[in-house]
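**Q** Letter by letter, the chains look like this.
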Amino acid sequence: DAGITQSPRHKVTETGTPVTLRCHQTENHRYMYWYRQDPGHGLRLIHYSYGVKDTDKGEVSDGYSVSRSKTEDFLLTLESATSSQTSVYFCAISESRVAGYTFGSGTRLTVV
Amino acid sequence: DQQVKQNSPSLSVQEGRISILNCDYTNSMFDYFLWYKKYPAEGPTFLISISSIKDKNEDGRFTVFLNKSAKHLSLHIVPSQPGDSAVYFCAASVGGAQKLVFGQGTRLTINP
Numbered sequence: 001d002a003g004i005t006q007s008p009r010h011k012v013t014e015t016g017t018p019v020t021l022r023c024h025q026t027e028n029h030r031y032m033y034w035y036r037q038d039p040g041h042g043l044r045l046i047h048y049s050y051g052v053k054d055t056d057k058g059e060v061s062d063g064y065s066v067s068r069s070k071t072e073d074f075l076l077t078l079e080s081a082t083s084s085q086t087s088v089y090f091c092a093i094s095e096s097r098v099a100g101y102t103f104g105s106g107t108r109l110t111v112v
Numbered sequence: 113d114q115q116v117k118q119n120s121p122s123l124s125v126q127e128g129r130i131s132i133l134n135c136d137y138t139n140s141m142f143d144y145f146l147w148y149k150k151y152p153a154e155g156p157t158f159l160i161s162i163s164s165i166k167d168k169n170e171d172g173r174f175t176v177f178l179n180k181s182a183k184h185l186s187l188h189i190v191p192s193q194p195g196d197s198a199v200y201f202c203a204a205s206v207g208g209a210q211k212l213v214f215g216q217g218t219r220l221t222i223n224p
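Those sequence lines, one after another, are chains S and P.
Heads up: the first sequence runs through residues 1 to 112, numbered per our numbering.
Heads up: the second sequence runs through residues 113 to 224, numbered per our numbering.
These are computed hints drawn from the structure, not numbers from a lab.
If you're wondering where the values come from, they're calculated on a predicted model, not measured in any experiment.
Hints are not guaranteed to be accurate.
Said to hold, decoys possible - Here are some of the chain S residues that sit facing chain P, going by a computed Cβ distance under 8 angstroms:
(1) L43
(2) G51
(3) V52
(4) S83
(5) F90
(6) R97
(7) G100
(8) Y101
(9) F103
To be verified - Calculated lysine to aspartate or glutamate pairs in the EDC-like style (CA-CA distance at most 16 angstroms, straight line):
(10) P/K211 to S/E79
(11) P/K211 to S/E95
(12) P/K211 to S/E59
(13) P/K211 to S/D54
(14) P/K117 to S/D54
(15) P/K150 to S/D38
(16) P/K180 to P/D196
Beta carbons are placed, not taken as given, at the ideal position from N, Cα and C, and that holds for glycine.
Just need the whole structure built from these sequences, with the hints factored in.
**A** Okay, structure coming up:
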């Protein structure tokens, strides 16, 4: 969807290195989310934000941190990447419960 | 603890027939339910939603049914088309932060 973009689309990194994924929106939505998708688990919430500098943890937040210094940008940082963090990461934005989320195209991260 | 479960990893349906995708949940506090569709290498896209105060919502070929007493919802697609082949996720939310809890997904294949 044109209103939300993720970068990079693909990344290979080494164990122990820090990695930052970026989510950018042009919709001015208040809520932003980071999910990871893994086989057998569906999508699991890592962190979310309900405004600039307002963030909270999801169900799988260990090893991840986030920052939101502007409405349009939500960054996800893997502080020290591990092989268990190999996954596809999706950012989402939300306008209302009725409309649901709009997801980005995803970032495929491989930790070797 | 999987609060939202899709017990069928895959489903195969003939073109033109009805596809029925099922989802069970355990948290009685969930008050909004949604279905998403996902194609490979893309983010999930919103299909249809239903509030817990309703038992049915219809949008074109897609109908979602909610049975609160059984904590069960289903998505009906009639008639099924080849473009419906995708992975379908059900999701549920509670509260103002609009956080969604997703099921594991069901891969739907429509056969000609």
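**Q** Which numbered hints turn out to be false for this structure?
**A** Violated: hints 2, 3, 4, 10, 14, 16.
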